[in-house]
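Here are the chains, one letter per residue:
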Amino acid sequence: MSAAPAERRAVSAEVPAAPGWWRLLPSRVLTFWTVEIWRIRHDQQELVTRAIQPALWLLIFGETFTRLRAIPTGSVPYLDFLAPGIIAQSGLFVAIFYGIQIIWERDAGVLAKLLATPTPRVALVAGKAFAAGLRSAVQAVIVFILSALLRVGLIWNPLHLLGAIAVVMVGAAFFSMLSVTIAGVVLSRERLMGIGQAITMPLFFASNALYPVHLMPGWLQALSTINPLSYEVDALRSLLIGTPGRLGLDVAVLAAATTVGIAVSASLLGRLAR
Amino acid sequence: MSLTPAIQCVGLRHRFDDVQALDGVTFDVAPGEVFGLLGPNGAGKTTTIRVLTTLLPAGEGYAAVFGLDVRRQQMAVRRVIGYVPQQLSADAALTGYENVWLFARLFDVPRADLHRRIDEAIRLMDLEPAARRLVSTYSGGMVRRLELAQALVNRPRLLVLDEPTIGLDPVARSGVWDRVRALRAETGMTVLLTTHYMEEAEQLCERVALMHHGPIRTLGRPEELRAELGPEATLEDVFRHHTGSMLDEEGGFRDVRSTRRTARRLG
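Sequences listed follow chains A and B, in order.
Heads up: the first sequence runs through residues 10 to 283, numbered per my numbering.
Heads up: the second sequence runs through residues 52 to 318, numbered per my numbering.
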């Protein structure tokens, strides 16, 4: 060897102190949030391009159906009824392809490197889930701005808006975990793209995002009942347009679904890293 | 004084479907040693590293890092290692500083020391002028040095490098070797690296283990292994003597795909 060997040193088996679970989970979530904020700051163009679709839904679909009065929404103008659905949809579209990022990270060796840090798998996927939530929340803020420009009658109370952002984050965290779960099963970017595209529209149309549940045929109403997007939209309508709803139940369902999603994704992470 | 080995592997065996990836792998690495696992693609080098970094539980056998059982004390093992995988794995959408920050946080570097430790790792890899630039603007050699900075920010006792110079041009390769040598001279850190470049093994390693299709075929100091075959013998000759094949004759489609992916990311 050309380099002079360094003097051998006695190395103790002392291991750096580890923070407890109660600190580890929020610490990892905050870490991945910070990284996501940096990513967004470095690529603001993506925010603009992602805003096009919700803008079209509100401008074309919303304005047209408001004038047609084809969908009965009681005393609430259709555009106001639609806006919370579009906010939820824009978060869904961001989160449902998050599994692609995990597969990319697997292919690039990033996942192996992350898994070799002292981060429990649950904390790692929770961090990723809420990073997706953060990106969706930024998207929701853009839809709030679009809604203001279109004079949508939202409740502009800051507490209600913050509550709506929290709901969007939890909803996106669930859908990103659904995506990571699918990634953990199919293990390929192409298959995940196909499945993602195949389930996004059914999730959207089999929810209350575009029309009230009572207008749906019975079988679609049943699907809507087990669709977490319906609970997200219901919570957003309660907060943003004051529709009488079941906010507590909605949040509980979303939180439970996200917890299950994180647990399942964490259990599949080893399969992805193999 | 008897030292706890930095690495201890005893009878490691692991099978992927019909491929015996590890077959009775046994070796020790002393604290402060630079040890190389040498072999062609598919020899079992990366599988050994995955076992030692807790990414893969070995089917059979025992492995420990500084006396910590890799199967039972996974979190403790992860706190004493720094790992650089084969692929170029830095996040191109972030700056160099942000990439190192991420790993400093994941290793729970105390907030009071955070910026000093990040600056120290970046300085050690001579990346200060580029630290605030997006990694997408880095050359392949700079990305590799950044990954070394990421792996060093927790001041690991064991640095694990999986094919550290694969896909790099000779200048970038030499740059990485210089950093590893400097690191070794400065810290006396234990280094485990895998390579299929003989020159790399000769330049960096005090001892090497030649792996082929699962088992270790021979192990020793490069000069001793060469001397056993004669004064003109190279490590390539040693490898051929013990395995009957050349280093670059092996490797499956998966290895080729992985190498190509790395090369593509290098641009």
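Take these hints with a grain of salt, some might be off.
[As the list claims (entries may be wrong)] If we take Cβ atoms under 8 Å as the criterion, some of the chain A residues that face chain B in the derived model are:
1. P25
2. P28
3. G29
4. W30
5. E45
6. H51
7. Q54
8. T58
9. A121
10. T128
11. R130
12. V131
13. A282
[Said to hold, decoys possible] Incomplete in silico selection of chain A near chain B, CB under 7 Å:
14. I46
15. W113
16. K122
17. A266
18. A272
19. V273
It is worth saying that the hints were derived from the structure and are not from the lab.
Only a predicted model underlies this, so the values are computations on that prediction, with no experimental measurement involved.
Yeah, the Cβ is synthetic: ideal placement off N, Cα and C, and Gly gets one too.
Evaluation of the provided hints:
Against a cut-off of 8 Å between C-beta atoms, the interface hint on P25 (chain A) holds, since the closest Cβ of chain B lies about 5 Å away. The interface hint given for P28 (chain A) holds, since its Cβ lies 6 Å from the closest Cβ of chain B, which is under the 8 Å cut-off. With its C-beta approaching chain B no nearer than about 11 Å, G29 (chain A) sits outside the 8 Å limit, and its interface hint is violated. For W30 (chain A), the shortest C-beta to C-beta distance to chain B is roughly 11 Å, which exceeds 8 Å, and the interface hint is violated.
At about 10 Å, the closest approach between the beta carbon of E45 (chain A) and any beta carbon in chain B exceeds 8 Å, and the interface hint on this residue is violated. Among the interface hints, the one on H51 (chain A) holds; its C-beta lies about 6 Å from the nearest C-beta in chain B, closer than the 8 Å criterion. Restraint check, Q54 (chain A) versus chain B: the minimum CB separation of about 12 Å is more than 8 Å; hint violated. Residue-level restraint check for T58 (chain A) is violated (minimum Cβ-Cβ distance to chain B is 15 Å; threshold 8 Å).
For A121 (chain A), the interface hint holds, since its Cβ comes within 8 Å of a Cβ in chain B; the closest pair sits about 5 Å apart. About 5 Å separates the beta-carbon of T128 (chain A) from the nearest beta-carbon of chain B, less than 8 Å, and the hint is met. Violation of the interface hint for R130 (chain A) is found here, the shortest Cβ-Cβ separation to chain B being roughly 11 Å, above the 8 Å cut-off. Interface restraint check for V131 (chain A): the shortest CB-CB distance to chain B comes to about 13 Å, outside 8 Å, so the restraint is violated.
Against a cut-off of 8 Å between C-beta atoms, the interface hint on A282 (chain A) holds, since the closest Cβ of chain B lies about 6 Å away. With a least beta-carbon distance of about 10 Å to chain B, the hint placing I46 (chain A) at the interface is violated under the 7 Å criterion. Of the supplied interface hints, the one on W113 (chain A) is violated, with its beta-carbon coming no nearer than about 10 Å to a beta-carbon of chain B, more than 7 Å. Hint status for K122 (chain A): holds, given a least beta-carbon distance of 5 Å to chain B, under 7 Å.
For A266 (chain A), the suggested interface contact is broken, since its CB lies about 27 Å from the closest CB of chain B, more than 7 Å. Taken as an interface hint, A272 (chain A) does not check out: its beta carbon lies about 19 Å from the nearest beta carbon of chain B, beyond 7 Å. With a least beta-carbon distance of about 20 Å to chain B, the hint placing V273 (chain A) at the interface is violated under the 7 Å criterion.
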